[in-house]
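Chemist: When you line the sequence shown up against the working numbering, it's residues 1 to 494, in that order.
Since the hints were made in silico from the structure, they are not lab data.
Owing to the predicted nature of the structure, the values given are computational and were not obtained by experimental measurement.
C-beta atoms are modelled at their ideal positions from N, C-alpha and C, and glycine is treated no differently.
Keep in mind that the hints are not guaranteed to be accurate.
[Unchecked claim] Per label pair, the in silico range of CB-to-CB distance:
1. M384 to K261: 17 to 25 Å
2. E464 to I489: 50 to 58 Å
3. V105 to R481: 44 to 52 Å
[Unchecked claim] Simulated crosslink set (EDC-like; lysine to aspartate or glutamate; CA at most 16 Å straight-line):
4. K456 to D137
5. K131 to E344
6. K456 to E344
7. K456 to E133
8. K456 to D419
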Amino acid sequence: MSSGLAAGIGLDFADMPIAALLFIFFHVAVCLATTLRILSRRNPPGVAMAWVLLILLVPAAGAVLYVMVGERRLGRRWIERAEAERADLALRFGALSADSTRDPVDAGPVGEPVARLTRALASIPIMGGHKVELISDTGRILQGLIDDIDACRERCSLEFYIWHQGGLVDDLVEALIRAAGRGVAVTALMDGLGSRPFIRQGLAARMRAAGIVVVVVLPANALRMVVARVDLRNHRKIAVFDDHIAWTGSCNLADPRYFKKDAGVGPWVDAMVRIEGPVCALLGAITNAMAVLQDGPRLRDVRTPKLGHAAGPVALQALPSGPGFAFQHVESVILTAIYSARRELILTTPYFVPGEAVVTALRSAARRGVEVVMVVPWRCDSRMVQYASASYFDELLSAGVRIHRFRGGLLHTKSMVVDRELAVFGTVNFDLRSFHLNFELSMLLYDRVFAEMLIKLHHDYLAECEPMDLTVWRTRPFRHRVIENAAQIASPLL
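With the hints as constraints, model all of the structure from the sequences given.
Modeler: Here it is as structure tokens:
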């Protein structure tokens with residue numbers, strides 16, 4: 001810095017103590033080095049800008065935070081295993097789907113571009129021959145899982161973000177122990193952060209003692225922070241039984257009577273699909289690949305799966321996503337589905353912080369005459385996310401998007417129906433974390449009957465909603481607008 005510039009900003013280096021000079025040098029060096037690191041990587045502009053702003057405002061803390069959670073680092077061991085598994089998994093997907101593959105043209109004008117893109121990104125085609133049941137009562141979901149565990153004869157795997165002790169989940173654990181006792185090969189995958197209380201309470205150890213293979217995915221600890229990003233999570237919810245029956249959706253293994261009772265958001269409201277048919281073996285392969293990535297090749301399933309016969313008329317496509325898959329590919333599929341809409345689009349999500357691309361797509365759909373309906377919770381369990389979500393409401397309402405806020409609890413279902421022809425259902429929230437960071441699973445269902453079932457569920461939700469009015473919304477206090485827009489700036493970091 002020149003003497004003229006220093007004088008202009010009130011600095012006199014000659015009179016400054018050496019400690020102050022070193023601090024200024026360190027400050028500038030940290031800002032410059034971290035900013036160059038951010039700009040050297042291909043990030044969405046909003047993400048890069050949010051990180052640069054944070055580094056400039058709080059350089060030391062911002063740099064530490066960036067090192068911890070700024071990049072999709074999984075550690076060298078994970079990367080090596082992922083590279084080894086990727087080609088093999090693509091071959092297994094092809095073999096498992098060969099007899100049930102459907103032509104994307106059969107998905108219709110709405111579904112065809114989505115199906116083609118999904119196959120190009122995930123190497124998974126449309127598969128026909130499925131029976132699908134939509135279940136929206138958590139008690140029925142948990143009891144249904146228990147019944148399928150008790151009926152299982154050879155192999156079952158459960159991969160869930162949250163396992164939480166209490167109520168029907170205790171009964172489910174007992175069912176797994178019974179299954180292991182009669183010789184069923186049982187594998188239980190649980191996220192190291194989402195299921196931390198369950199693991200610490202000793203239930204995971206009890207399951208291991210009963211012969212269950214327990215895999216703690218992405219353990220959250222101080223040592224892991226050194227080699228990998230600690231907030232990358234396995235957010236999937238998948239259960240597979242004998243390669244013939246599978247469950248997926250938004251419901252964690254948590255009885256709402258016992259889960260987050262003091263969070264002030266009411267009971268969690270979820271939905272799952274129970275699937276019979278050929279895709280179940282493929283979902284089992286996805287779960288097995290996650291177990292191998294975490295705990296090594298000793299867990300690889302080397303059996304030749306017994307593919308189920310056609311169980312029903314539904315054609316569908318599985319879409320796994322997360323670190324190690326093509327970057328932003330689930331967001332690309334969702335964008336393609338939105339832009340394919342011609343008449344109607346309705347979506348539900350507990351967390352709506354999707355970034356500008358998805359917001360622009362929803363606004364464009366509404367302005368070209370598509371009836372766009374969003375159902376979100378009245379209150380979610382993250383104040384920061386709630387403010388960030390609210391920052392988008394004005395522009396969406398102005399474009400003609402109808403937003404309804406659910407008052408019956410924390411609406412946790414993640415779903416979208418396009419023109420009553422295509423349904424997107426699974427674990428993906430409409431937020432940047434689900435799009436870019438977490439391991440997720442989406443099911444794309446190309447079936448009018450299922451779409452109508454999901455529309456009926458959406459209407460049930462709407463009966464417990466309060467519609468938003470743009471004029472009333474704009475009367476909210478000025479301080480709320482400031483907080484909302486500040487939260488939106490930080491949304492890429494949430």
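Chemist: Now, for every hint given, state plainly whether the structure supports it.
Modeler: These are the hints, each one checked on the structure:
1. M384 to K261: 17 to 25 Å: Holds, since M384 and K261 (Cβ atoms, about 22 Å apart) stay within the stated range.
2. E464 to I489: 50 to 58 Å: Violated: the Cβ-Cβ distance is about 32 Å, outside 50 to 58 Å.
3. V105 to R481: 44 to 52 Å: 47 Å, holds
4. K456 to D137: Distance ~14 Å between K456 and D137 Cα, so the pair holds.
5. K131 to E344: 25 Å, violated
6. K456 to E344: OK: K456 and E344 at ~14 Å, within 16 Å.
7. K456 to E133: 13 Å, holds
8. K456 to D419: Holds, at about 14 Å.
Figure legend: structure checked against the earlier numbered hints; hints not met, in rising order: 2 and 5.
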